[in-house]
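**Student:** The chain contents come next:
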Amino acid sequence: QKEVEQDPGPLSVPEGAIVSLNCTYSNSAFQYFMWYRQYSRKGPELLMYTYSSGNKEDGRFTAQVDKSSKYISLFIRDSQPSDSATYLCAMVPEYGNKLVFGAGTILRVKS
Amino acid sequence: EADIYQTPRYLVIGTGKKITLECSQTMGHDKMYWYQQDPGMELHLIHYSYGVNSTEKGDLSSESTVSRIRTEHFPLTLESARPSHTSQYLCASSEWVVPHRQTQYFGPGTRLLVL
Chain A
105 QKEVEQDPGP LSVPEGAIVS LNCTYSNSAF QYFMWYRQYS RKGPELLMYT YSSGNKEDGR
165 FTAQVDKSSK YISLFIRDSQ PSDSATYLCA MVPEYGNKLV FGAGTILRVK S
Chain B
125 EADIYQTPRY LVIGTGKKIT LECSQTMGHD KMYWYQQDPG MELHLIHYSY GVNSTEKGDL
185 SSESTVSRIR TEHFPLTLES ARPSHTSQYL CASSEWVVPH RQTQYFGPGT RLLVL
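In order, the protein sequences belong to chains A and B. Throughout the first sequence, residue numbering follows our numbering, covering 105 to 215 in sequence. Throughout the second sequence, residue numbering follows our numbering, covering 125 to 239 in sequence.
These are computed hints drawn from the structure, not numbers from a lab. Ideal Cβ positions, reconstructed from N, Cα and C, are used throughout, including at glycine. Keep in mind that a hint or two might mislead.
[Stated by the list, open to error] Taking lysine-lysine pairs in the BS3-like style, the calculated list, with each CA pair at most 27 Å apart, reads:
1) B:K155 <-> A:K202
2) A:K146 <-> B:K141
3) A:K202 <-> B:K181
4) A:K160 <-> A:K106
5) A:K106 <-> B:K181
[Claimed, not checked] Covered stretches of chain B, going by a simulated chain A footprint (3 or more residues, C-beta under 8 Å):
6) 166-172
7) 190-198
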């Protein structure tokens with residue numbers, strides 16, 4: 105079983121929709137949680153970074169961490185065609201030095 | 125914005141050739157990483173470095189080697205390329221300052237095709 109599970113999609117939504125992307129994990133030691141966005145033929149770009157449980161908002165993006173359920177989410181409000189990309193979750197323990205990545209969810213926002 | 129560079133961006137090469145993938149960062153980060161990424165799959169860590177003259181193998185076994193003789197430079201070498209090495213290779217770096225020490229910044233990647 106993988107340490108981090110992520111639905112590969114693709115997830116297709118109309119422009120303006122609210123998008124919910126999710127990851128589940130099995131290692132309760134994970135403390136740092138990240139979301140990366142990767143456009144086709146590019147490297148991953150850090151979107152959101154959260155420590156432990158709670159919510160964090162940045163513009164149209166909100167990251168949520170529920171450690172009790174071992175579940176993290178990324179919400180995108182007012183989605184745009186430019187949001188079309190693969191979204192990767194990643195996480196690491198408090199004093200760990202290796203990120204564990206999900207396989208990524210492909211998002212397509214149609215205009 | 126992260127300043128991390130990889131060259132070449134694309135490489136098509138024949139079996140048995142020696143290749144070096146270059147990675148440089150201008151942020152002064154101590155830690156650097158090499159990942160392998162195949163379509164629809166997780167990023168797999170193949171090498172990392174804590175600083176100059178420090179290199180470690182990652183979780184995914186790889187026939188490649190790395191060196192770190194300068195903070196900003198972390199090249200990856202394949203002595204004899206094989207078709208099984210065909211993949212995308214991503215370089216990343218991170219800083220040690222808490223709480224940002226776990227944040228990794230990625231380069232654009234090198235797509236390698238071995239014929």
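**Student:** Confirm or reject each hint.
**Tutor:** Tested hints:
1. B:K155 <-> A:K202: Holds, at roughly 11 Å.
2. A:K146 <-> B:K141: holds, 25 Å
3. A:K202 <-> B:K181: At roughly 11 Å apart (the allowed maximum being 27 Å), K181 of chain B and K202 of chain A satisfy the hint.
4. A:K160 <-> A:K106: holds, 26 Å
5. A:K106 <-> B:K181: At roughly 20 Å apart (the allowed maximum being 27 Å), K181 of chain B and K106 of chain A satisfy the hint.
6. 166-172: holds (count 4)
7. 190-198: violated (count 0)
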